[in-house]
Amino acid sequence: MQYLVSVIYDNAALATPEEMAAIDVFNDRLEAEGHWVFAGGLAAPSSATVIDNRGGEAMVTDGPFVESKEYLAGFWVIEAADLDVALKLAAEGSKACNRKVEVRPFL
Amino acid sequence: MVASLTRRFGDLDIAEEAAAEAFATAVERWPADGIPPSPGAWLTTTASRKAIDRIRRENKRGDKQKEAQRLYDDDPSEPIGAIDDERLRLIFTCCHPALAMETRVALTLRMVAGLTVPEIARAFLVQETTVGQRITRAKAKIKAARIPYRVPSAEDLPARVSGVLAVLFLVFNEGYLATGPGTDPVRHDLTAEAIRLTRLIRALMPQDGEVAGLLALMLLTEARRAARVSASGELVTLAEQDRGTWDATLIAEGHRLVRERLAAAAAGVAPGCYQIQAAISAVHTSARDVRDTDWSQVVALYDQLVRLDPSPVIALNRAIAVAELDGPEVALAAVDRLEDKLAGYHAYHVTRADLLRRLGRSQNSRAAYDKAIELAGNTAEIAYLTRRRDQLG
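These protein sequence lines map, in sequence, to chains A and B.
Per the numbering used here, residue 1 is the first one in the first sequence, and the count goes up by one each step.
Per the numbering used here, residue 1 is the first one in the second sequence, and the count goes up by one each step.
Honestly, the hints are just simulated from the structure, not real lab data.
It should be emphasised that the depicted structure is a prediction, and the values quoted were computed from it without experimental measurement.
Errors might be hidden in some of the hints.
[Said to hold, decoys possible] Simulated crosslink set (EDC-like; lysine to aspartate or glutamate; CA at most 20 Å straight-line):
| no. | chain 1 | residue 1 | chain 2 | residue 2 |
| --- | --- | --- | --- | --- |
| 1 | A | Lys69 | A | Glu102 |
| 2 | B | Lys143 | A | Glu79 |
| 3 | B | Lys139 | A | Asp84 |
| 4 | B | Lys139 | A | Asp82 |
[Said to hold, decoys possible] Only part of the chain A face toward chain B is listed, based on derived beta-carbon distances under 7 Å:
| no. | residue |
| --- | --- |
| 5 | Met1 |
| 6 | Asp82 |
| 7 | Leu83 |
| 8 | Asp84 |
| 9 | Pro105 |
[What the hints assert, rightly or not] Now the in silico label distances, taken between C-beta atoms and shown as ranges:
| no. | chain 1 | residue 1 | chain 2 | residue 2 | range |
| --- | --- | --- | --- | --- | --- |
| 10 | B | Pro206 | A | Leu107 | 34 to 44 Å |
| 11 | A | Leu107 | B | Ser311 | 32 to 42 Å |
| 12 | B | Ser311 | A | Lys95 | 25 to 35 Å |
| 13 | B | Ala265 | A | Pro45 | 45 to 55 Å |
| 14 | A | Thr49 | B | Val313 | 46 to 56 Å |
| 15 | B | Ser153 | A | Pro45 | 38 to 48 Å |
| 16 | A | Pro45 | B | Ala300 | 50 to 60 Å |
| 17 | B | Ser230 | A | Leu107 | 55 to 65 Å |
| 18 | A | Asn27 | B | Gly344 | 46 to 56 Å |
From the three backbone atoms N, C-alpha and C, an ideal C-beta is built for every residue, glycine too.
Input sequences plus hints: build the corresponding full structure.
This is the structure:
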């Protein structure tokens with residue numbers, strides 16, 4: 001079972017060196033224990049471009065598809081047996097990156 | 001049976017529907033074929049087959065079917081005693097912290113205690129459609145997010161248990177003042193189930209003060225059950241109950257638990273809400289006559305409770321005790337301050353009606369009784385309130 005652990009944040013500040021170091025330790029642990037699938041940090045929402053090609057011609061729009069105070073700053077995709085395992089890992093991830101996270105299962 | 005099917009198939013919907021189908025088949029077949037030698041086992045086996053049929057029908061992917069088959073084969077017969085374990089698992093799943101509190105309550109009442117959606121809606125003053133949606137969404141989340149079906153590990157248990165206790169207390173309360181014209185005024189099945197489940201939790205966590213407190217509170221309330229409804233089917237208030245019919249064994253057990261928690265409190269462990277409410281109940285059940293009740297002790301305990309839980313319902317109960325200590329006028333002033341929050345709660349109007357009656361304000365009292373009768377869902381309480389109203393001068 002895979003879960004998306006979204007990192008939610010409200011400004012464009014990058015992770016501090018301390019936060020980066022804690023994230024590395026956490027990532028190593030995910031790999032060592034077989035939970036690692038993929039992870040990444042994202043550039044600011046202002047760097048996003050929206051494409052809508054449902055109407056025959058691709059519409060290109062600048063900016064995120066929804067403006068919000070808090071947004072997706074990065075994510076992990078983890079492998080976990082059930083939600084309890086995923087929530088425990090997410091709690092550690094939140095501590096490591098020093099940000100709020102949301103856990104959502106893949107179909 | 002739903003609990004055991006859920007464990008096998010990991011899906012509340014499938015378990016619930018399979019159980020219902022098995023009962024329906026039994027109703028159809030047993031009159032013609034005769035009752036099987038072991039009806040319980042027959043139902044479980046039939047329900048398991050129905051569940052597997054349904055999974056086969058629904059699943060295009062083969063892996064789930066294999067999983068169900070494997071789970072089914074792993075557990076061909078159910079050892080006695082495993083049922084309790086399965087109930088615990090079901091409780092902890094229904095009370096998972098990833099679900100909203102009101103969802104946990106609704107789901108447990110539906111899945112563990114077997115209440116209907118209308119009963120749950122009445123008990124919590126919400127729309128039936130709201131309850132139905134909560135349950136449907138919760139089941140979908142349990143499935144999609146794979147909320148596990150198990151008792152949490154020892155390290156996670158304390159954090160998980162308070163949500164479970166809240167739910168069990170609500171189940172008990174619904175049993176003790178059951179709603180709906182078609183139900184018994186006191187549903188012993190629900191109070192007994194709540195007590196049984198709380199005992200299970202206590203066996204799991206014997207050192208937990210709030211578990212002991214809640215069990216004591218339930219026992220001391222259950223002890224008064226026989227005195228609670230009169231021969232003519234009216235609710236009997238605490239003050240008017242025949243205390244000789246109270247269950248001395250349950251009271252003794254409840255008092256033992258309260259003493260255990262008082263000793264812990266004396267040793268510096270701050271009591272939680274259930275322990276304080278159990279202590280209040282212990283004061284009541286210690287008085288052989290209502291006139292012997294130590295009301296100053298009751299009010300002092302309510303003061304302690306209000307500091308922990310400043311909810312309007314607690315404030316209402318405190319006011320009822322204040323009426324005995326400081327008189328109905330003081331109490332009425334306190335009750336009237338709760339109008340904004342409790343105007344839709346029948347007990348608010350019951351309390352006002354009684355206080356107004358004692359103050360000789362018959363006309364106001366009558367109006368409050370009317371409102372209370374309109375909002376009350378318990379048949380015995382409606383009978384009692386109607387008589388009281390009609391006796392007003």
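Here is what the structure says about each hint:
no. : hint                            : in the structure
1   : A:Lys69 - A:Glu102              : holds (16 Å)
2   : B:Lys143 - A:Glu79              : holds (16 Å)
3   : B:Lys139 - A:Asp84              : holds (16 Å)
4   : B:Lys139 - A:Asp82              : holds (15 Å)
5   : Met1                            : holds (5 Å)
6   : Asp82                           : holds (4 Å)
7   : Leu83                           : holds (5 Å)
8   : Asp84                           : holds (5 Å)
9   : Pro105                          : holds (4 Å)
10  : B:Pro206 - A:Leu107: 34 to 44 Å : holds (42 Å)
11  : A:Leu107 - B:Ser311: 32 to 42 Å : holds (40 Å)
12  : B:Ser311 - A:Lys95: 25 to 35 Å  : holds (33 Å)
13  : B:Ala265 - A:Pro45: 45 to 55 Å  : holds (53 Å)
14  : A:Thr49 - B:Val313: 46 to 56 Å  : holds (54 Å)
15  : B:Ser153 - A:Pro45: 38 to 48 Å  : holds (39 Å)
16  : A:Pro45 - B:Ala300: 50 to 60 Å  : holds (56 Å)
17  : B:Ser230 - A:Leu107: 55 to 65 Å : holds (57 Å)
18  : A:Asn27 - B:Gly344: 46 to 56 Å  : holds (52 Å)
The structure meets every hint from the earlier list without exception.
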